[in-house]
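Participant: Can you make the complete structure from the sequences, with help from the hints?
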Amino acid sequence: MSKKLRTRGHKVVLNRSTGGDIGITILLTIMGAFMFLPMVYVVIQSLKPLDELWMFPPRFYVIRPTLSNFSDLFALMNDSWVPFSRYIFNTVFITAAGTVGNLLFASMAAYALSKLKFPGRNFMFGMILTSLMFHSTVNQVAHFIILSSFHWVDTYLAIIMPALAGTLGLYLMKQFMENSVSDAVLESARLDGASEFRTFWVIAMPMVKPAWLTLIIETFKNLWNTGASIYIHSEQLKTFNYAIQQIVSGGVARAGAGAAATVVMMIVPIVIFVINQSKIIETMGTSGMKD
Amino acid sequence: MSEQTAVKRPVARKEMTKAQWTWKEMKRNKVAYAMLAPFMILFLIFTVFPVFLSMILSFTDFNLLEMPNWVGFDNYIHLFLDDDIFIIAVKNTLIFASVTGPASYLLSFLIAWFINELGPKIRSVVTLIFYAPSISGSVYTIWKTLFSSDAYGWVNGTLMELGIITSPILWFENADYVMPLCIAVALWVSLGTAFLAFIAGLQTVDKSLYEAAAVDGIKNRWQELWFITLPEMKPQLMFGAVLAITQSFGFGAVVTTLCGLPSVDYAAHTIMHHLDDYGGQRYEVGYASTIAVILFAIMLGSNFIVKKAISKVGQ
Numbered sequence: 001m002s003k004k005l006r007t008r009g010h011k012v013v014l015n016r017s018t019g020g021d022i023g024i025t026i027l028l029t030i031m032g033a034f035m036f037l038p039m040v041y042v043v044i045q046s047l048k049p050l051d052e053l054w055m056f057p058p059r060f061y062v063i064r065p066t067l068s069n070f071s072d073l074f075a076l077m078n079d080s081w082v083p084f085s086r087y088i089f090n091t092v093f094i095t096a097a098g099t100v101g102n103l104l105f106a107s108m109a110a111y112a113l114s115k116l117k118f119p120g121r122n123f124m125f126g127m128i129l130t131s132l133m134f135h136s137t138v139n140q141v142a143h144f145i146i147l148s149s150f151h152w153v154d155t156y157l158a159i160i161m162p163a164l165a166g167t168l169g170l171y172l173m174k175q176f177m178e179n180s181v182s183d184a185v186l187e188s189a190r191l192d193g194a195s196e197f198r199t200f201w202v203i204a205m206p207m208v209k210p211a212w213l214t215l216i217i218e219t220f221k222n223l224w225n226t227g228a229s230i231y232i233h234s235e236q237l238k239t240f241n242y243a244i245q246q247i248v249s250g251g252v253a254r255a256g257a258g259a260a261a262t263v264v265m266m267i268v269p270i271v272i273f274v275i276n277q278s279k280i281i282e283t284m285g286t287s288g289m290k291d
Numbered sequence: 001m002s003e004q005t006a007v008k009r010p011v012a013r014k015e016m017t018k019a020q021w022t023w024k025e026m027k028r029n030k031v032a033y034a035m036l037a038p039f040m041i042l043f044l045i046f047t048v049f050p051v052f053l054s055m056i057l058s059f060t061d062f063n064l065l066e067m068p069n070w071v072g073f074d075n076y077i078h079l080f081l082d083d084d085i086f087i088i089a090v091k092n093t094l095i096f097a098s099v100t101g102p103a104s105y106l107l108s109f110l111i112a113w114f115i116n117e118l119g120p121k122i123r124s125v126v127t128l129i130f131y132a133p134s135i136s137g138s139v140y141t142i143w144k145t146l147f148s149s150d151a152y153g154w155v156n157g158t159l160m161e162l163g164i165i166t167s168p169i170l171w172f173e174n175a176d177y178v179m180p181l182c183i184a185v186a187l188w189v190s191l192g193t194a195f196l197a198f199i200a201g202l203q204t205v206d207k208s209l210y211e212a213a214a215v216d217g218i219k220n221r222w223q224e225l226w227f228i229t230l231p232e233m234k235p236q237l238m239f240g241a242v243l244a245i246t247q248s249f250g251f252g253a254v255v256t257t258l259c260g261l262p263s264v265d266y267a268a269h270t271i272m273h274h275l276d277d278y279g280g281q282r283y284e285v286g287y288a289s290t291i292a293v294i295l296f297a298i299m300l301g302s303n304f305i306v307k308k309a310i311s312k313v314g315q
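Chains as they are written, first to last, in my numbering: chain A, 1 to 291; chain B, 1 to 315.
Think of the hints as simulated: they come from the structure by calculation, not from any bench.
A hint or two may mislead.
[As the list claims (entries may be wrong)] Among the chain A residues that face chain B by a calculated CB cut under 8 Å, a handful are:
(1) W54
(2) F56
(3) L103
(4) A106
(5) A112
(6) L116
(7) M124
(8) L132
(9) V138
(10) N139
(11) I145
(12) M161
(13) N225
Yeah, the Cβ is synthetic: ideal placement off N, Cα and C, and Gly gets one too.
Facilitator: Right, dumping it as C-alpha cells:
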C-alpha cells in the first residue's frame with residue numbers, strides 16, 4: 001500500500017485533507033468567538049471605570065483598568081440591609097448540603113440499580129429515564145403545594161430536598177458504574193464477607209471518582225445559580241445570586257458593581273470545572289483502554 | 001453474577017407461583033431496596049407525585065385559598081378555545097424548541113467532533129471556552145448589556161458609529177427582535193452536559209476501528225464520521241438528544257430575564273411563561289396545572305418521536 005500517512009505530533013492521522021482542516025479551523029474560530037467574546041466582555045466591563053462604562057462610542061477594551069468596581073461591590077455589600085455574608089452563607093450551605101446529599105443518595109441508588117438484581121429494578125430505572133425527558137419547572141406549582149404541606153416553604157429544605165433527588169447525576173453515575181466497576185471484584189469482596197453496603201462504599205465508590213466529579217458539577221451549577229425562588233420569602237434566607245441580581249438591576253450608578261458581581265458569580269463554577277476537568281480527562285484516558 | 005445467585009437460591013423457581021417467587025426475590029434483596037430508599041422516596045415525592053397531582057388539579061378550579069371544585073374539562077376547553085395568549089405561547093414554544101433543540105444538538109456534536117483531534121491541552125482549553133457559558137448561571141445578562149437599548153450598548157454604539165443606524169434600537173423591547181435574540185442567547189448557554197457527553201463519547205470510540213476503516217477504503221473524515229463514529233456513538237447521541245429536547249423547553253428563565261414577563265406583544269411568550277404567569281403570579285393553580293399537563297405531554301411526546309428517529313440511524 002502506497003497510501004500517504006500524515007502525522008500530527010507522533011500520531012498517524014488517517015484520511016485528513018488540508019482543505020477540511022482549514023475549513024474546520026475557520027468554523028471553530030467563528031463559533032469560539034461567539035462563545036468567548038461575551039465572556040471576555042463581562043470581565044472587561046468589570047474593569048472599566050465609571051466614565052468608560054458610559055462612554056460613546058462604547059469600546060470592547062478598557063483604556064484605564066481599575067479594580068474600583070470590586071471595592072464598590074464590597075462597599076455595597078456592607079451597606080445592605082441583610083449582611084452580605086448571610087447571602088453567601090445561604091448559597092454555600094444550600095450548595096454544599098444539596099451536592100453532598102445528592103452524591104450520597106444518587107450513588108447508593110446507582111449502585112443498587114447497576115449492580116444488584118431485584119424485582120422492580122427496570123421499572124424504577126424506567127421512571128428515572130422518563131424524568132430526564134421533561135423539565136422540572138412543569139412541577140413547580142405542585143412543588144409549592146407539596147412543600148407547603150410539609151411546612152418547608154421559606155426554609156432551606158425547600159431548595160435542598162428536591163435537589164437531593166436530582167436524576168441526571170444518578171443516571172450518569174449508574175451508567176458509569178455499569179461500565180467501570182467489574183462484577184468479579186464486587187463478588188470477591190462479598191465472598192470475603194463484606195456486607196453489600198461495605199462493598200459499595202469501599203470497593204465501588206473509589207472506582208467511580210470521575211462520575212462523582214460529573215455529578216458534583218451538575219448539582220453544584222444548579223444550586224449555586226439558585227436565584228429568586230418562589231419558595232423563599234425571608235430576606236435572610238435568600239441566595240447570593242438573588243442579591244447579585246438586585247445589584248445588577250440597580251441602574252446606572254451600580255453598573256460597575258453589577259459587572260463585578262457577575263464576574264464573582266461566574267468565577268466559582270468555572271474554577272471548579274477547570275480543576276475537575278483535568279481529573280476527568282486523566283481518568284477517562286485510562287478507563288478508555290480497559291475495553 | 002447470575003450463576004452465583006442461582007446457586008444461592010435453594011428452591012427452584014418452577015416450584016413457585018410468580019408472586020411467591022417475586023416476594024422471595026424481594027426479601028433476598030432487602031439491602032437493594034434499602035440503598036434505593038432515600039433517593040426513591042424523595043424522587044417519588046418531588047418528581048412522580050407532582051405529575052399526578054398536576055393531572056388531578058387540572059380538572060379543578062383550585063386557587064390555594066378556597067376548597068377546589070371539580071370542573072371537568074373546563075380548564076382544557078378554556079385553554080384551547082378562549083385563551084388567545086396560550087395559542088401564541090404554543091406557537092412560540094414550538095418555534096423556540098424546534099430551533100434551539102436541533103441547533104444546540106448539532107452544535108454540541110460538531111464542536112466536540114472538531115476538537116476531538118486536538119492535543120489534550122488545547123482540547124481542554126477549547127472545551128472550557130465552549131462549556132463555560134452554560135455553567136456560569138446568570139452571566140447571560142451580559143447580552144442585555146451588549147444589546148442595551150441606549151447608545152452605550154456595544155451593538156447600538158457600534159452601529160451608530162458606523163452610520164448604519166441613526167438612533168438606538170430597543171432590541172429587547174421590539175417584537176421583531178426578541179425571538180431571534182433569545183434564541184441566540186439560549187444557544188449560547190446550551191453547550192452543557194450533552195456537549196461533554198459527546199466529547200467523552202468520541203474519546204472512547206475504539207481507535208483501531210479507524211485504522212481498519214482506512215485500510216478498507218474509507219476516503220475522508222466525513223465517511224469515517226458516517227460509517228464508524230456515529231454508529232459507535234449511538235448511546236451518547238441518544239442521551240444528548242434527550243437532554244437537548246428537555247433543555248429546549250426549559251429556557252423560560254433566560255427569556256424572562258432578558259425580555260421581562262410578559263415580553264413585548266407576547267413575542268417571546270412560551271408555554272413555560274404562561275405557566276409562570278398563572279401559577280407563580282396569579283395563583284390560579286387549577287388552570288396552571290392544565291398548562292403544566294399540556295407542556296408535560298408536549299415534552300414527552302417530542303422525546304419519544306426523536307428517540308424513535310435516532311434508533312433508526314444506521315439500520
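Participant: Please name the hints from earlier in the document that this structure breaks, with their numbers sorted from lowest to highest.
Facilitator: Per hint list: single violation, 3.
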